[in-house]
Structure formats: structure tokens, C-alpha cells
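**Q** Now for the letters of each chain:
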Amino acid sequence: MTDLETFRSETRTWLEKNCPAEMRQPMRSEADACWGGRNWTFQSDAQRQWLEAMAGRGWTVPDWPKEYGGGGLSPAEARVLKEEMQRIGARPPLTSFGISMLGPALLQFGTEEQKKHYLGQIARGEIRWCQGYSEPGAGSDLAGLQTKAEDKGDHWLVNGQKVWTSYADKADWIFCLVRTSSESKQGGISFLLFDMETPGVSTKPILLISGSSPFCETFFDDVKVPKKQIVGEVNKGWDVAKYLLGHEREMIAGMGLGTGGSSVTLGAAVKPADPLLRAEIAAFDVDALAFAAMSERFAAMWKAGEAHPASPSMMKYAGTELNKRRNELLMAAGGSDALEWDSERSRKGATPRSWLRSKGNSIEGGTSEIQLNIVAKHILRLPGA
Amino acid sequence: MTLLTDDQKMLQETAASFLAEEGSIARQLRHWREIGCTDGFGHDLWKQFAELGLTGICIPESHGGLGLGATEAALVLEEIGRNLTPSPFLTTAVAGARAIDGTAHADRWFPEILSGEAVLALAVDEGPRHAPEQTALEAKRQGNGFVLNGAKQFVVQGGSADIIVTAARTAGAPGERDGITLFAVPKATSGLNADSQSLVDSSRAARLTFDNVSVDADAVIGEVDAGWAPLSRALSAGSAGVAAELVGVASGASAMTLDYLRQRKQFGKLIGEFQALQHRAAHLYSEIEIARAAAFKAAQALDSRDERAELHVSVTKAKAAEVAGLAVREGVQMHGGIGMTDEHDIGLFMKREAVLGELFGDVYYHRNRVAELSGY
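If you're matching them up, the sequences are chains U and C in order.
Quick note: the first sequence uses the working numbering, first residue 116, plus one each step.
Quick note: the second sequence uses the working numbering, first residue 323, plus one each step.
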């Protein structure tokens with residue numbers, strides 16, 4: 116047996132033993148995810164056990180280095196682990212913006228001390244992070260942000276407002292873009308980390324058309340942030356921000372795969388009786404399966420360093436547009452059943468709520484139009500773009 | 323999905339430079355079109371394919387071929403598509419070779435395919451739409467052999483082929499997969515008439531009539547009544563191959579269009595500066611990347627004998643035709659008036675796409691197959 120085959124068989128045995136049956140049930144919604152953090156209430160013992168078992172091996176972040184709480188797995192081993200988890204339908208033990216967004220940025224831009232301090236907490240699910248990027252006046256034009264951080268000698272003094280901060284009301288810490296200079300637009304931005312319990316931080320949930328409130332407005336009123344809690348150099352935060360956005364877009368692009376991954380087609384799930392709807396769903400399934408192939412290829416290229424740096428924009432664009440279409444078709448296939456909002460039978464309107472929520476996919480993390488601008492400029496190199 | 327190996331990248335580079343140079347639109351497609359060539363492709367170029375070993379890509383090493391697979395064929399076909407190179411590569415070296423692989427016909431025909439002498443054609447369709455299960459061309463036992471009666475159409479390279487791989491019915495009724503038998507019929511057989519037609523893209527396809535065509539029992543490929551297996555093997559290899567060629571057509575049309583956006587000026591500006599065009603170009607780029615990934619996925623699935631290979635083949639054929647269609651429509655529109663002229667090459671991409679989109683089943687055929695294969 117090759118080393119990889121040995122690893123696979125050991126992993127399979129270990130997963131069989133350590134993944135509780137309950138954690139092998141498909142996730143019904145985002146609410147079934149384990150987000151971790153200081154105030155996290157586990158849904159069940161199984162959810163706690165699963166997180167502890169996986170975190171114990173560093174497998175919440177399999178490909179991060181061991182010294183930072185990761186599993187230290189090679190890309191091939193990480194892929195085997197993923198496949199073996201998929202094989203038994205194991206849920207992710209931990210979902211967090213620490214894993215998908217801040218962690219990669221810290222690995223790239225953090226000091227040794229920051230990596231040691233923050234990455235382990237992320238890997239173990241101890242600290243839940245939120246992202247302070249957008250502002251009321253800085254949406255698509257993100258670099259126009261105005262939240263100010265003044266240098267007060269031993270600390271930064273932060274004042275301003277963020278919006279669309281995902282789960283700010285549930286998060287422990289925030290990674291936040293602030294303006295440290297007004298002399299240059301992108302060259303006056305810094306990347307700060309701070310505790311959401313710091314005096315002067317307050318949050319207010321925003322009720323969405325989907326009826327849920329995953330986002331908040333976040334206010335900073337004379338918030339003191341220790342000087343060492345800056346990632347990268349002062350006024351160089353835009354580089355960190357862009358790198359992180361690449362990872363965020365990659366994550367959002369994953370939505371194109373749907374919750375069932377690529378193994379179940381939409382048509383197989385809904386069995387459309389109407390021939391015209393069947394035809395549309397078949398067209399969708401072609402696109403969805405082709406996109407799943409693209410995701411595999413993109414992941415392999417990204418890991419091998421062969422992907423264009425702007426390609427997450429293309430993935431984000433394609434994946435989110437696909438997810439919106441999937442939701443439109445689920446509404447069509449559901450007919451009037453898909454209109455109920457509160458009933459038990461409709462699982463509290465899961466279909467229409469998901470449909471409405473999906474409309475944000477092509478807005479958050481940079482709109483589809485912004486992604487197309489990026490592709491036109493950085494990949495196609497069209498003039499004046 | 324695995325990325326290309328170093329060997330595969332080398333093959334890709336070889337094919338890319340060979341076809342860009344020798345197989346260019348000016349040297350091949352326009353040349354043969356202007357002189358009204360009845361084969362629609364150049365035999366000298368086909369010999370060059372053979373010298374490079376490309377005709378033997380899908381032929382096992384034990385027969386003197388390269389012993390490679392669908393992935394390598396796809397790499398060559400993408401370059402063929404990009405240059406609109408007319409050649410019998412798809413019908414002979416890919417679909418044809420896969421049909422006879424592992425049968426007695428391999429010994430007879432592989433050497434001549436390798437040397438670039440033999441051309442194979444696949445005769446499947448009997449109506450204007452691809453429907454292989456509907457095979458009705460009759461093959462009746464007679465003595466030690468069979469007598470074939472019926473007609474085929476859209477037999478690509480049917481006029482220039484030496485051997486026609488023909489699907490015929492020996493049992494059952496049209497619509498059934500059982501009872502189809504695959505025959506290797508030499509073109510020169512008496513009673514077999516080929517009416518070779520020029521298609522919209524200046525390629526050639528024949529309408530064949532079989533009028534009491536007698537063949538020996540050893541003309542059968544594989545087993546009598548069980549021709550569906552070699553036929554679907556050939557059609558899968560052909561569909562995955564034509565999808566890769568369509569990705570090349572899309573890439574070629576898109577590259578030409580992007581160049582135009584970077585040099586054509588209106589209102590005192592390069593038209594590529596207009597966001598209305600930028601967004602469409604970026605969308606097209608995204609679609610082409612996805613189509614290419616789907617083509618690799620299908621090729622790798624065929625090469626690894628993945629149980630979902632058939633599904634991936636239909637996904638890639640449907641997706642590639644859809645995307646190449648978008649690429650050529652955007653290509654002609656963004657070129658404006660010049661794109662409507664015969665002198666400009668962009669229109670040639672549109673014509674090629676129309677033929678390749680239809681070959682081995684159009685978008686609707688393959689979408690329907692995706693639905694059926696996934697159980698709805």
C-alpha cells in the first residue's frame with residue numbers, strides 16, 4: 116500500500132469510530148452548522164464530541180501547519196480526508212469566518228506571534244470572528260471606507276460604522292478595515308483585529324427579506340485597540356483585504372454546488388412532472404454539473420498555484436448566479452407549497468426563505484457586476500477597465 | 323480532478339504549435355474551401371498527424387499506438403477547434419478507433435490508421451436528429467454473412483472514408499438498444515452509395531444508401547445483436563471529443579473577439595472600454611472556463627472508467643455546444659458589420675459551431691440524456 120492508501124484506510128477507520136451518527140445526517144440549513152465561539156451553545160452532545168475529536172487532530176483545518184493548531188496534512192492527504200468525510204456524509208465539524216477568511220490571511224500576513232495566538236483559537240473553535248468591511252457609504256466601492264482609526268500612541272482609537280457585518284451580534288472578535296490615512300484611498304487603509312466586548316462597540320441586527328437577521332450594523336464609538344492588533348503594516352491593509360476577499364469569494368462560490376454537493380442533481384431531487392420545467396431543470400443540471408467540474412479544477416489549480424489570482428472572482432460570479440437559478444427553480448417546482456412562510460409542513464418556509472436569501476449571494480463579497488469588472492480588467496486586460 | 327501531467331502538457335504544446343502553423347485557417351480551411359475540395363481536408367496534413375503519432379493516440383501500445391486516452395484526444399481536439407482545422411481525426415483516430423478497439427477489426431485497420439492512410443466514418447443517424455436507439459437500417463442474415471438495406475445521413479467524412487462503421491438492426495425494433503449490430507463496411511462494397519455533401523462550414527458529410535449490400539460475417543464489430551456496447555463506446559468518445567473541439571472553437575472565437583475589442587475605435591474610444599461589452603466578454607470567459615473543466619472531467623471519467631462517465635459526457639457535450647454557441651454569436655455581434663463578411667474569419671467559427679453542435683447529439687439531446695441518466 117502507498118502512504119496515501121494507508122492514510123485513507125486509517126482515516127476511514129478513525130472517522131467510523133469518531134464521527135457520531137447524528138453528525139452524518141445532511142444539514143437542513145445554516146442553523147445546523149457549528150460556529151463555535153465563547154458563547155456557543157452546542158445543538159447536541161454529538162456536535163460537541165465531533166468538534167472536539169476533529170479539533171484534537173487539527174482536522175478542523177487539515178492543511179494548516181501543526182504548530183498553529185492545524186492537521187499539517189499535504190494537499191493530497193487533505194483531499195483524502197475530504198473524500199472520506201463525504202463518503203459517510205460527515206458534516207463539517209466547525210464552520211467559521213476564522214477558518215475560511217481570517218486564517219488564510221493571517222498565515223500570509225500575520226506576525227509569528229499573531230499566528231501562534233489567533234490561529235489555534237480558530238482551529239479549536241474558541242473564538243468566533245466577524246468581518247468589518249462594508250460601510251453605509253462603501254459597498255461596491257469598498258476602498259471608499261471612512262471608519263477612522265487614530266494613532267494615540269499606545270493604541271488606535273476607532274470611530275465609525277460598518278454594515279452587513281455577518282453575525283456581528285454573535286461574534287467574539289472582528290477583523291476590520293479602518294482608515295488610518297486620508298492621503299490615499301487604497302493606501303490609507305489598515306487591517307485591525309479587536310474584541311467585540313471592547314467598550315464602544317455595539318451592534319444592531321438587520322432584518323432581511325428572508326425574515327432572518329444574519330447581518331448587523333456595527334458601531335464604533337471611541338473604541339481603543341492595542342497597537343499590536345494590526346495585521347500587516349499601517350496603510351497596507353488593502354493588500355490583506357484583497358487577499359482575504361479572494362478566500363471569501365472562493366467560499367461563496369461553493370454555493371454553486373448546492374447543499375447536496377455535485378452527487379445529486381436538482382432534477383433527481385425534485386422529479387419535475389411538467390415537461391417544460393423538466394427541460395429547464397435539465398439545462399440547469401448541465402450547468403451545475405459543469406460548474407462542479409470547474410470547482411474541482413479550480414481547487415486543484417489554486418492549490419498548485421496555476422490559477423489566475425483574479426479567478427476567485429469568476430468562480431464567485433458563476434457560483435452565485437447558479438445558486439440563484441437553483442432557488443428560482445426550486446420555487447417553480449414547489450408551486451404553491453413553496454409559498455408557505457411559517458408552517459411546520461414547509462419547515463418554516465425553508466424554500467421561500469432560502470430563495471430570498473440567495474438574492475444576496477450575488478451582492479455580498481462584491482456584486483456580480485464588480486466580479487465581471489475584475490475579470491475584464493485583470494484577466495482579459497480590456498482597455499480602460 | 324487531476325491537473326495535466328508534464329507529458330500531457332508537452333503533447334498539448336506540440337499539438338498547439340503544429341495546428342497553429344500547419345492547420346491554420348488560411349492554410350487549410352480557406353484553401354480547401356476555395357479549390358472546392360471534395361474531401362474537405364488535406365491528406366498531406368493527415369499524414370503529418372500520423373508522423374507526429376497523433377493518429378495513434380487512442381490505439382493501444384500493443385498495436386503500435388500511443389496508448390493514451392480521451393484526455394489526450396481532448397487536448398488535440400481543442401487545438402483543432404481553435405484553428406478550425408479540417409481533418410478526419412475525430413471520426414478516425416477517436417470515435418472510429420474506439421469502436422473497433424478490442425475487436426478483430428483492430429488488427430486489420432489500426433496499422434493503416436497509424437500510417438495516416440485509412441479514414442473511418444461513423445454512420446449512425448437516419449434522420450435529421452441524432453437518435454442512435456432508433457437505428458432501423460436492416461441487416462438480414464444471408465448465408466455466411468449479412469445483407470444491408472437502408473439509409474444513413476450526416477456521415478461525417480463519409481465521402482472520403484475507406485471504412486464505414488455502420489449501426490444496423492439485426493433484431494428487435496427501432497427504439498431498442500438490443501438487436502443493434504455494428505458493422506465495418508468497406509466503402510467500395512457494391513450497393514453502397516455515398517452522396518457527399520458540402521455542409522454549412524465547408525466540411526463534408528455523406529448521405530449513404532445501402533442497396534442490398536452484402537458483407538461477410540467477419541464485418542461484424544463485437545457481437546451480433548450486441549452492437550450497442552461498441553457503438554456507445556464510440557459515441558461517448560466522439561461526444562467527449564467533439565465537446566473538446568467546441569471548447570477550442572469557443573476559445574478561438576473569443577480570442578479573436580477580444581483582440582477586436584482592443585483595437586476597434588468608435589466615439590474616439592476603444593470599444594473594449596465600454597462596460598456593456600466588458601461584462602459580456604467577462605461572462606463569456608467564465609463560461610468557456612467552465613466548459614473546458616467539464617470537458618476534462620468527462621475525458622478523465624472515460625479514462626478512469628468512472629461509473630458516471632456517460633453522465634459527464636452528456637454534460638460536457640451540452641455545455642460545450644451551449645458555450646460555443648454563445649461565443650460565436652457574441653463574436654459576430656461584437657465584430658459588427660465586418661463580422662458579417664465572408665472575408666473575416668469570425669463567421670467561419672459560427673459555421674463550424676453549427677455542425678459540431680449537432681454532431682453526436684445536440685444540446686437538447688444531451689440535456690435530455692442528463693435528465694434520464696440522473697433518474698428524472
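If you are wondering where the hints come from, they were derived from the structure by calculation, not from laboratory data.
These numbers come from a predicted model, not from an experiment.
Idealized CB from N, CA, C, for every residue including glycine.
Certain hints may be false.
Just a sample of chain C residues kept apart from chain U, beta carbon distances all over 10 Å, derived [what the hints assert, rightly or not]: (1) SER339; (2) GLU356; (3) ASN466; (4) ASP538; (5) ALA604; (6) GLU609; (7) ALA693.
Taking CB as the label site, the calculated pair distances span [stated by the list, open to error]: (8) U/ARG139 to C/ASP540: 54 to 60 Å; (9) C/ALA493 to U/ARG139: 23 to 29 Å; (10) C/PRO508 to U/PRO390: 39 to 45 Å; (11) C/GLU343 to U/ARG139: 53 to 59 Å; (12) U/GLU198 to C/ASP500: 32 to 38 Å; (13) C/ARG499 to U/ARG202: 31 to 37 Å; (14) U/ASP256 to C/GLY389: 25 to 31 Å; (15) U/LYS267 to C/GLU335: 17 to 23 Å.
In the BS3-like style, the derived pairs of lysine-lysine whose C-alpha atoms are separated by at most 30 Å in a straight line are [what the hints assert, rightly or not]: (16) C/LYS587 to C/LYS673; (17) C/LYS331 to U/LYS197; (18) U/LYS492 to C/LYS591; (19) C/LYS591 to U/LYS300; (20) U/LYS439 to U/LYS463; (21) U/LYS319 to U/LYS339; (22) U/LYS463 to U/LYS357; (23) C/LYS462 to C/LYS509; (24) U/LYS263 to U/LYS342; (25) U/LYS342 to U/LYS357; (26) C/LYS509 to U/LYS492; (27) U/LYS351 to U/LYS386; (28) U/LYS267 to U/LYS197; (29) U/LYS197 to U/LYS132; (30) U/LYS319 to U/LYS300; (31) U/LYS418 to C/LYS331; (32) C/LYS331 to U/LYS492.
**Q** Does each hint fit the structure? Answer for all of them.
**A** Structure-based check of each hint:
| no. | hint | verdict |
| --- | --- | --- |
| 1 | SER339 | holds (21 Å) |
| 2 | GLU356 | holds (34 Å) |
| 3 | ASN466 | holds (46 Å) |
| 4 | ASP538 | holds (43 Å) |
| 5 | ALA604 | violated (4 Å) |
| 6 | GLU609 | violated (8 Å) |
| 7 | ALA693 | violated (4 Å) |
| 8 | U/ARG139 to C/ASP540: 54 to 60 Å | holds (55 Å) |
| 9 | C/ALA493 to U/ARG139: 23 to 29 Å | violated (48 Å) |
| 10 | C/PRO508 to U/PRO390: 39 to 45 Å | holds (44 Å) |
| 11 | C/GLU343 to U/ARG139: 53 to 59 Å | holds (56 Å) |
| 12 | U/GLU198 to C/ASP500: 32 to 38 Å | holds (37 Å) |
| 13 | C/ARG499 to U/ARG202: 31 to 37 Å | holds (32 Å) |
| 14 | U/ASP256 to C/GLY389: 25 to 31 Å | violated (56 Å) |
| 15 | U/LYS267 to C/GLU335: 17 to 23 Å | violated (59 Å) |
| 16 | C/LYS587 to C/LYS673 | holds (27 Å) |
| 17 | C/LYS331 to U/LYS197 | holds (28 Å) |
| 18 | U/LYS492 to C/LYS591 | holds (16 Å) |
| 19 | C/LYS591 to U/LYS300 | holds (27 Å) |
| 20 | U/LYS439 to U/LYS463 | holds (20 Å) |
| 21 | U/LYS319 to U/LYS339 | holds (20 Å) |
| 22 | U/LYS463 to U/LYS357 | violated (37 Å) |
| 23 | C/LYS462 to C/LYS509 | holds (19 Å) |
| 24 | U/LYS263 to U/LYS342 | holds (14 Å) |
| 25 | U/LYS342 to U/LYS357 | holds (22 Å) |
| 26 | C/LYS509 to U/LYS492 | violated (54 Å) |
| 27 | U/LYS351 to U/LYS386 | violated (52 Å) |
| 28 | U/LYS267 to U/LYS197 | violated (47 Å) |
| 29 | U/LYS197 to U/LYS132 | holds (16 Å) |
| 30 | U/LYS319 to U/LYS300 | holds (28 Å) |
| 31 | U/LYS418 to C/LYS331 | holds (18 Å) |
| 32 | C/LYS331 to U/LYS492 | holds (28 Å) |
Checked against the numbered hints given earlier, this structure breaks hints 5, 6, 7, 9, 14, 15, 22, 26, 27 and 28; the rest are met.
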